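Protein chains: 2
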Amino acid sequence: MKIIVKLSIFLFCVTIWSQNVNKKDSTQLRSIYTEALTKGRSYNWLNYLSKNIGARLAGSEAEKKAIAWAKDELDKLGLTKVWLQPVTVPHWERGEKEEARIVTKHGEFKVDICALGGSIATSKDGVLAEVIEVKSIKEVEDLGAKVKGKIVFLNRAMPADKIETFRAYGATVDQRYSGARVAGKFGAVGAIVRSMNLKIDNIPHTGSMNYGENAENEKIPTAAISTNGAELLSKLLEQKDKMELKFFFKQSCEILPDVASFNVIGEIKGLHYPNEIIVVGGHLDSWDLGEGAHDDGAGVVQSMEVLRIFKELKIKPKRTIRVVLFANEEFGLSGGLGYAAEAEKKKENHIVALESDSGGFSPRGFGITSNDKNYEQIVQWKSLFEPYNIHIFTKGGGGADIGPLKKDNNVLLGLRPDSQRYFDYHHTDADVFEAVNKRELELGAATMASMIYLLDTYGIKTKK
Amino acid sequence: MKIIVKLSIFLFCVTIWSQNVNKKDSTQLRSIYTEALTKGRSYNWLNYLSKNIGARLAGSEAEKKAIAWAKDELDKLGLTKVWLQPVTVPHWERGEKEEARIVTKHGEFKVDICALGGSIATSKDGVLAEVIEVKSIKEVEDLGAKVKGKIVFLNRAMPADKIETFRAYGATVDQRYSGARVAGKFGAVGAIVRSMNLKIDNIPHTGSMNYGENAENEKIPTAAISTNGAELLSKLLEQKDKMELKFFFKQSCEILPDVASFNVIGEIKGLHYPNEIIVVGGHLDSWDLGEGAHDDGAGVVQSMEVLRIFKELKIKPKRTIRVVLFANEEFGLSGGLGYAAEAEKKKENHIVALESDSGGFSPRGFGITSNDKNYEQIVQWKSLFEPYNIHIFTKGGGGADIGPLKKDNNVLLGLRPDSQRYFDYHHTDADVFEAVNKRELELGAATMASMIYLLDTYGIKTKK
Chain D
2 MKIIVKLSIF LFCVTIWSQN VNKKDSTQLR SIYTEALTKG RSYNWLNYLS KNIGARLAGS
62 EAEKKAIAWA KDELDKLGLT KVWLQPVTVP HWERGEKEEA RIVTKHGEFK VDICALGGSI
122 ATSKDGVLAE VIEVKSIKEV EDLGAKVKGK IVFLNRAMPA DKIETFRAYG ATVDQRYSGA
182 RVAGKFGAVG AIVRSMNLKI DNIPHTGSMN YGENAENEKI PTAAISTNGA ELLSKLLEQK
242 DKMELKFFFK QSCEILPDVA SFNVIGEIKG LHYPNEIIVV GGHLDSWDLG EGAHDDGAGV
302 VQSMEVLRIF KELKIKPKRT IRVVLFANEE FGLSGGLGYA AEAEKKKENH IVALESDSGG
362 FSPRGFGITS NDKNYEQIVQ WKSLFEPYNI HIFTKGGGGA DIGPLKKDNN VLLGLRPDSQ
422 RYFDYHHTDA DVFEAVNKRE LELGAATMAS MIYLLDTYGI KTKK
Chain L
2 MKIIVKLSIF LFCVTIWSQN VNKKDSTQLR SIYTEALTKG RSYNWLNYLS KNIGARLAGS
62 EAEKKAIAWA KDELDKLGLT KVWLQPVTVP HWERGEKEEA RIVTKHGEFK VDICALGGSI
122 ATSKDGVLAE VIEVKSIKEV EDLGAKVKGK IVFLNRAMPA DKIETFRAYG ATVDQRYSGA
182 RVAGKFGAVG AIVRSMNLKI DNIPHTGSMN YGENAENEKI PTAAISTNGA ELLSKLLEQK
242 DKMELKFFFK QSCEILPDVA SFNVIGEIKG LHYPNEIIVV GGHLDSWDLG EGAHDDGAGV
302 VQSMEVLRIF KELKIKPKRT IRVVLFANEE FGLSGGLGYA AEAEKKKENH IVALESDSGG
362 FSPRGFGITS NDKNYEQIVQ WKSLFEPYNI HIFTKGGGGA DIGPLKKDNN VLLGLRPDSQ
422 RYFDYHHTDA DVFEAVNKRE LELGAATMAS MIYLLDTYGI KTKK
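These protein sequence lines are chains D and L, in that order. My numbering runs 1 ahead of the 1-based position in the first sequence. My numbering runs 1 ahead of the 1-based position in the second sequence.
Treat the hints with care, as some may be off.
Put simply, identical chains are the same to the list, so a pair is met inside one copy or across any two.
[Stated by the list, open to error] With a straight-line cut-off of 25 Å between C-alpha atoms, the simulated DMTMM-like cross-links for lysine to aspartate or glutamate are: (1) LYS52 x GLU435; (2) LYS40 x ASP162; (3) LYS139 x GLU219; (4) LYS408 x ASP259; (5) LYS241 x GLU100; (6) LYS147 x GLU134; (7) LYS374 x GLU387; (8) LYS383 x GLU165.
Honestly, the hints are just simulated from the structure, not real lab data. Predicted model, so just to flag it, every value in this text is computed and none were measured.
Just chain D, same shape as in the assembly (with noise of 0.2 Å):
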């Protein structure tokens, strides 16, 4: 049995070996990361990005300088063609800014909250009324009619036992998404959501929020209160009927009319099969808090780094590579929507889609949508990417903005970035460029320099 055993792992070693080690690819990956490391530009697009221009909302100005700055950039790379693709983004403005009290009769106290994206603003005095904390939506339909005349407040904290910090998000984002369109129906004057933040602080977090099919009488203001915020409304409301407790909020956010913009776009013509194409990218747009520095700024700056690299290595592609900055992620996709459909029409084969929208920290790996065998081909590659300390090949992922790319035999990856500090920043005026460190953001590029390489060498596996 032991001589067995022995002779087993033996074969299975040298069948590894002969399909993994690829002394060409290595010496490619090597100086993919030399290049990012020494003489990268992600780190400094960043510090222009996030300083000079800022937070970037769909519709807003800063958005259109974005659109021009990015353009410009990719100009000067020397790609066989660049381009803006027009789509169509919503507008929503912030106002001024909000103000929240919780009003009790021993006194008041100010915390710190932020409108979420696409809320109506209330009115111009503001609201104030009682409060009632739940802790999911669920509860909100349980209760009903209880919550009318009042504000609600949904306190479920992101699980701090998740190793994935996306994964604390997703168990808890469901608040901010649906909560004021849930208390809404049932009659609610306003919807107060815990921010999206495993820490305890003052900072607010803004994001999306949606009154689906309510009528207009049932679209009520939400906002986002801070976490410290949260565990002191909390706390004072197992004393409720004593402190006569209610909350105040005024916010003047608005809706505008749809604006024009475009998602930036650059190529590298295929030398075998310009058909074939590789899509690398990240979203222009951001929130209006902070500078958008990780969200998402790294990931634009990351993606135009991968093909300022293989222009600098004169690495000459087979297939088509092409660096997409999507316009309006943020705010219901889009830019990402639009591109996909102009794909469709055009019939433009897209056998891979690389996204970078975790942030810019270590990275980790790649999470993997595709069939079988263009995992197992990808898994294949891991010890290439050992000695960067990539180790994460996991199935799923490649989200929001490459997601309407999907085809049956097409393979969607996004870059893993370690996510533990993600949501410290995520959706905040903490969001800057002083949050990103250089070198996690430029092995985040090779990272994803060095998977498009690869993946243009051997294209994907389709099935005929």
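We have chain D; now place chain L onto it with these hints.
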């Protein structure tokens, strides 16, 4: 052939599977991570240590406070035993804030420096001299007497293309440790060393230096210059003669008599093999800049957390688990050496020592110094760590403080956190509590507790 390969893969998988998958262990690890992430104390401890005690250089009053605090906190955990182990530590003081200027005939440029630990002072009026820039110790030796009367400027940058930043540090830190010794031998009047920093900023990085066997008149003052300062100085040196460039610096540091100090130790006695000792530790001292949060406040509180988790989860170890908070790592390891000497004298059997001294960043794995059998055993636990994104199990590691405990067949380990950000903070004013992410710190503690749990459960392999 294909069938043989498939069979061999199958057999290989079965073998690995039976060795690896232990339901009880995976459940225990899950409990450990949940405890650390939801009820952990490491972050609050670090908050106190950083903000209420702060920098705690060996021999300082703050170090005494830190020792008293750590003992007090360990006393509260209900361990079998907590005690202080006397060791002697050096006592160096920085004195007044250093000053430095690049002096040219066109004007002066203020730059940021900090004295290196162990350096002597300049004269009261400072040192003003011409500068010779070199990229290595070898170059100083080659220049020989030509450095006489000059300030030697050691300006070899950390190589950015290394993936592990500790390798980039290892490739350059000889300049800091030995620059002044070698330059002093040849009659230089000062040594200015580029900070061990991969970023370009204004923060100087201190660290230890050594005069070796130099005679008194060969001991020269030495300081680190910020990377921005180093770049500027190097640039201006290109026109040295035209500029009539000199460098001025002034520092008032002082070497004082040795001081009595302590290692802080606590243990949970083993149920079955109490004489087999498993150590987990970090060093309680820090540099005098910043708050010593990453270096090594993080390692201290993570090590304390390991024992707290064992108590809280009622894990009754078979072997004795001992936390050791070492005195004076930064200034010559007298804590670690003293601990090992006493262990030797008492004929204690240290089978395992695990150190955390690479910052409180997202844990990636372990460096392991052991014989092959023990290494193989540890690698077989990989799948247990997979859900927590712990993938790196490399040979070699587990260094400074626990190094003196190395025996033929015992096991030393070092926690390996992600290293990208470490040298943004290392030995500087920037190494403060705010630079540590709560979840990253806690994941590190859980990873250490998990490894200690497995090593306690299965023991180590000793050749007979």
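Inset, instruction - Evaluate LYS408 and ASP259 at a C-alpha cut-off of 25 Å and name the case that applies: within, between, both or neither. - result: Neither: 30 Å inside a copy, 72 Å across copies.
Legend entry - Homomeric proximity label, LYS241 with GLU100: Cα distance no greater than 25 Å: within (21 Å within a copy, 59 Å between copies)
Legend entry - Within, between, both or neither: LYS383, GLU165 at alpha-carbon 25 Å: both (21 Å within a copy, 18 Å between copies)
Inset, instruction - Check LYS52 against GLU435 for me: Cα-Cα at most 25 Å, and say if that holds within a copy, between copies, both or neither. - result: Both ways: LYS52 and GLU435 sit 10 Å apart in one copy and 23 Å across, limit 25 Å.
Legend entry - Within, between, both or neither: LYS374, GLU387 at alpha-carbon 25 Å: Classified as both; 21 Å inside a copy, 23 Å across copies.
Inset, instruction - Measure nothing new, just compare the shortest in-copy and cross-copy C-alpha distances for LYS147 and GLU134 to 25 Å and report within, between, both or neither. - result: within (12 Å within a copy, 77 Å between copies)
Legend entry - Up to 25 Å CA-CA - ASP162 versus LYS40, copy category: between (39 Å within a copy, 10 Å between copies)
Inset, instruction - Please work out whether the CA atoms of LYS139 and GLU219 approach to 25 Å or closer within one copy, between two copies, in both situations, or in neither? - result: Within one copy only: 18 Å inside a chain, 77 Å across chains, cut-off 25 Å.
The structure shown violates just one earlier hint, number 4.
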